[in-house]
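A.B. asks: The residues making up each chain are set out below.
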Amino acid sequence: MSTAVQNTTPPSGFSEFWFYFSRNKGAVIGLAVFLVILVLAVFAPFVAPHDPSIQNREVLLLPPVFSAGGNWSYLLGTDAVGRDILSRLIYGARFSLFIGLVVVTLSVVSGVLIGLVAGYFRGKVDTFIMRIMDIILAFPSLLLALVLVAVLGPGLLNAMIAISLVNQPHFVRLTRAAVMTEKSKDYVIGSQVAGAGTLRLMFLTILPNCLAPLIVQATLAFSAAILDAAALGFLGMGAQPPTPEWGTMLAEAREFIQRAWWVVTFPGLAILVTVLAINLMGDGLRDALDPKLKRS
Amino acid sequence: MLRFIFGRLAVLIPTFIGVSIIAFSFIRLLPGDPVMLMSGERVMSPERHTELMHQLGLDRPMYIQYFDYLTGLLQGDFGSSIVTKRPVLDDFVNLFPATLELSLCAIIVAVLLGIPAGVLAAVKRGTWLDQSIMGVALVGYSMPIFWWGLLLIIFFSGYLGWTPVSGRISLMYFFPQVTGFMLIDSLISGQAGAFKSALTYLILPTVVLATIPLAVIARQTRSAMLEVLGEDYVRTARAKGLSPFRVVGIHALRNAMIPVITTIGLQVGVLLAGAILTETIFSWPGIGKWMVDSVFKRDYAVVQGGLMLIAAVIMIVNLVVDLLYGWVNPRIRH
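Chains as they are written, first to last, in the numbering used here: chain A, 3 to 298; chain B, 426 to 759.
Be a bit skeptical, because a hint or two may be false.
[To be verified] To give an idea of the interface, some chain B residues facing chain A are shown, with a C-beta separation under 10 Å as derived from the structure:
| # | residue |
| --- | --- |
| 1 | Pro-439 |
| 2 | Thr-440 |
| 3 | Phe-441 |
| 4 | Leu-575 |
| 5 | Ser-582 |
| 6 | Tyr-584 |
| 7 | Ala-698 |
| 8 | Gly-699 |
| 9 | Ala-700 |
| 10 | Ile-701 |
| 11 | Thr-705 |
| 12 | Arg-723 |
| 13 | Leu-732 |
| 14 | Ala-737 |
[To be verified] Label pairs and their in silico Cβ distance ranges:
| # | chain 1 | residue 1 | chain 2 | residue 2 | range |
| --- | --- | --- | --- | --- | --- |
| 15 | B | Leu-499 | A | Val-49 | 54 to 62 Å |
| 16 | B | Asp-657 | A | Phe-19 | 31 to 39 Å |
| 17 | A | Ser-193 | B | Glu-656 | 30 to 38 Å |
Since the hints were derived computationally from the structure, they do not count as laboratory data.
For glycine and all other residues, C-beta sits at the position ideal for the given N, C-alpha and C.
Full structure from sequences and hints, please.
C.D. replies: Spelled out as structure tokens, the structure:
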């Protein structure tokens, strides 16, 4: 008599996550595109065909290879001072991903800490914190970032600080709401009765159970940060020329809009593809991490 | 309801004070002091500097200065431009209709296209139609609108020559500003072709500014509809034999609208942030371009006043949305 072999161990956290994540085809495509961009960014010096800042006076505003007059050594053409656009885009990926990473780290760490304090202690501390967040949210984010950069001085670092600051209230609100729901649950009360201290309750008992919405929001903030930094660069308040940052490249390209479409088209396309890939991943993460949607 | 209104107003006061503190301190956080900012590149003797500081009341304690500033705000004094010397409030009142016209057109386009698109995607869930609508929506949501604007200019203005590149109306037309809304003023003026001209100038900026709200509204409508379509009362309505159009259009859509209305309200901040970029690209003479220009001209008095006024507009709109929401959904009030 043969018995069916049944695997009764529950799936590991990751394989369960991957099961739900991979059901969303868009998310998998997004992840793949994101990984390609990441690899290009990391290995930029090896991948880029040219130095991003070398100006070749022989080939000003050279069209891309597939249009008339193109040249195989400059696949996506050159800009107004003869720099290779492809190489600048590849190096630009470094800036955009770096901006996203720094902004998300800054706003998540500060936002989660503040939100945790507000949601855990409630009362006057909570009211005070939430009023401050209301004040930040009363300004259009880009305007506040623009003004902050005007105060701090234009540049990539200041742009990142400004964008982190305007992004942070979302994390505060989200953490606070999640903490408030979790705090009254039995396992928290149980652990409190067992003698767990405040810090232990906050960081080890409650916080891990609030992570799902935060991870999703962090993905969205990552792409929003890339967009905002590019917008500031476009307005001339972000990374300064000749940095090959995508938004800054677009700002430099604006005057050639009627003569050389490729100088304008490719940097924006790079921004769109990167942001789209991250947002696709974000949708997949939400499907995989949100238990409410899982069973629907 | 009255209690609800007063509750909301009470929350608004500390926010207003906080916003005014930010606007007040902004100019003092800049390197140098306001007098040095005003003098610009010119050299000023220390005596003259002290005199001006005294004259402007800048040598008094900070809290007294802030109190004066706040009193000024409440009396409608938002400062004057360092460059043009005109009161900031006057400029704002002159330029705001342009931004309002653009934003209203954008939100109307976004709502008129976004809600049907979201409903359609929800009803046809899982089909290629749903996937294409949501795909397009996600692209729109991820769009760097400053680039999108440039692309549209390259194609429609440069290649096809259909639309103008910048401004609000052709220079051929001149008529008095009655409402400040170019579309309405051009109609009132009765000049042949003026309305059409205003419309061609408005169309590209509207598309650009509507892109992100449209995508957000379509996504939100779809998920709200999906939630509602699974409810018992929808099944009951279907079981009663009501037409699918009636079930979706009346029973489901009405209940799905509550979160969508909130989303539309939240787009005001998005619109104003988007107006900064859109107006810069299309040289649209509204408050977004005005703020960017002032930042570049280092006209910090305008930036300060503009910041305060824009925040006030957003706070008022948010309050109105909140109240509307409380009115639509009585559960919120308690």
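A.B. asks: Against each hint, give a clear statement of whether it holds in the structure.
C.D. replies: Going through the hints against the structure:
1. This hint holds: B:Pro-439 has a C-beta 5 Å from the nearest C-beta of chain A, less than the 10 Å allowed.
2. For B:Thr-440, the shortest C-beta to C-beta distance to chain A is roughly 5 Å, which falls under 10 Å, so the interface hint holds.
3. Look at B:Phe-441: its Cβ gets to within about 8 Å of chain A, closer than 10 Å, so that hint holds up.
4. Interface hint at B:Leu-575: satisfied, since its Cβ lies 5 Å from the closest Cβ of chain A, which is below the 10 Å cut-off.
5. Of the supplied interface hints, the one on B:Ser-582 holds, with its beta-carbon coming within about 9 Å of a beta-carbon of chain A, less than 10 Å.
6. Taking 10 Å as the C-beta cut-off, the interface hint given for B:Tyr-584 holds, the closest approach to chain A being about 9 Å.
7. A distance limit of 10 Å between C-beta atoms decides the matter here; for B:Ala-698 the minimum to chain A is near 4 Å, and the interface restraint holds.
8. Hint status for B:Gly-699 relative to chain A: holds, with the closest Cβ pair at about 8 Å, below 10 Å.
9. Annotation: B:Ala-700 was flagged as interfacial toward chain A, and the flag holds, the nearest CB pair being 8 Å apart, inside 10 Å.
10. Interface restraint check for B:Ile-701: the shortest CB-CB distance to chain A comes to about 5 Å, inside 10 Å, so the restraint holds.
11. A hinted interface residue such as B:Thr-705 counts as satisfied when its beta carbon comes closer than 10 Å to some beta carbon of chain A; here the least separation is about 7 Å, so the hint holds.
12. Nearest Cβ of chain A to the Cβ of B:Arg-723: about 8 Å, under the 10 Å cut. The hint holds.
13. Using the Cβ-Cβ criterion of 10 Å, the hint placing B:Leu-732 at the interface with chain A is satisfied: the shortest such distance is roughly 6 Å.
14. Contact between B:Ala-737 and chain A, as hinted, is supported at the beta carbon level, the nearest pair being about 8 Å apart and thus within 10 Å.
15. At roughly 59 Å, the beta carbons of B:Leu-499 and A:Val-49 sit within the given window of 54 to 62 Å.
16. Look at B:Asp-657 against A:Phe-19: about 32 Å separates their beta carbons, and that is inside 31 to 39 Å.
17. Distance hint check for A:Ser-193 and B:Glu-656: the Cβ-Cβ separation is about 37 Å, which falls inside the suggested range of 30 to 38 Å.
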